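Chains as they are written, first to last, in the working numbering: chain A, 2 to 161; chain B, 2 to 161.
Possibly wrong hints are sitting among the right ones.
Identical chains share a label here; the pair holds if one copy fits it or two copies do between them.
Unchecked claim - Listed below are the simulated DMTMM-like cross-link pairs for lysine to aspartate or glutamate, each with C-alpha atoms no more than 20 Å apart in a straight line:
#1 Lys120 x Glu82
#2 Lys123 x Asp102
#3 Lys32 x Asp87
#4 Lys32 x Glu9
#5 Lys123 x Glu144
#6 Lys32 x Asp114
In case anyone wonders, no lab produced these hints; they're calculated from the structure.
Note that the coordinates shown come from a computational prediction; the quantities given were computed from them, not determined experimentally.
Listed below, chain by chain, are the residues.
Number of protein chains: 2
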Amino acid sequence: MRQKAFQEYYPDHLSHCYGCGRLNEYGLQIKSYWDGEETVCTFYPKPYHIAIPGYVYGGLVASLIDCHCTGTAAAAAYRAEGREMDTEPPLRFVTGSLHVDFLRPTPLGVPLDVRARVKEIKGRRVVVGATLSAQGEVCARGEVVAVQMPEHLVPDKGEV
Amino acid sequence: MRQKAFQEYYPDHLSHCYGCGRLNEYGLQIKSYWDGEETVCTFYPKPYHIAIPGYVYGGLVASLIDCHCTGTAAAAAYRAEGREMDTEPPLRFVTGSLHVDFLRPTPLGVPLDVRARVKEIKGRRVVVGATLSAQGEVCARGEVVAVQMPEHLVPDKGEV
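Kindly generate the complete structure, drawing on both the sequences and the hints.
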């Protein structure tokens, strides 16, 4: 049976994000999965995700790292509690800070692999480190401090 | 006479970037201008640039800061040499690193103002600090280390 992506567990009213919402028809709709202690997301940039000819736009690299790491934070928080991702209460994370080091230009026209690993879980704060690779070569390295979403920001199901 | 945006000086073969290329019909096409010692870019997010309902997707915030800051780096490098941006040789920058602190959720449905200021110019490296504000309130703060593009990456005009 196919493993379900983290983002497929998000309830409908939290599935509109441009980066990872499965209901955003204009968005990137990234999908993240466990691979042992790491998480992985493979993304196929479109030709228009260009920086200069032949290379991927840095904002996309940052966006992939951002959304994959907040998804990883959520998955790790459930795993730390020994819970499935579709159990109540929901745990959803937003980005507190994002750092990306661009190590080499990211080639356009090949799939990109984002791999992440939790560095620290402390209360409502999860620190996640990530790499973005193309054809086995690391092109960017990132770190996201993800923070559990304040309850007042989580929309009621009826609102959306 | 209307001030020309930094990105309008970029030659055609360097104007395909998803974030700031004026020739990328799918892209954000941001426009950056001098405002004294600072630079400013105003951007109107689309409804689909959503994170959770009512708020802007963090990857867009990061992308705006990234492209506005690399544009600022280029403009500052020309200014430091006392040159107009359409004079030869061209100075074009890529992102070495990007850091964004998300201070509060960025509201969706209002224009966003990105303001940047050069912190340091040292050789081929320009450090740029930025804020992103909505309705006068700073929502995110960022820093970009921009690096002058290596000559071998700059495409020949004939290639594109």
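Which numbered hints are broken by the structure, listed smallest first? Result: no hint breaks.
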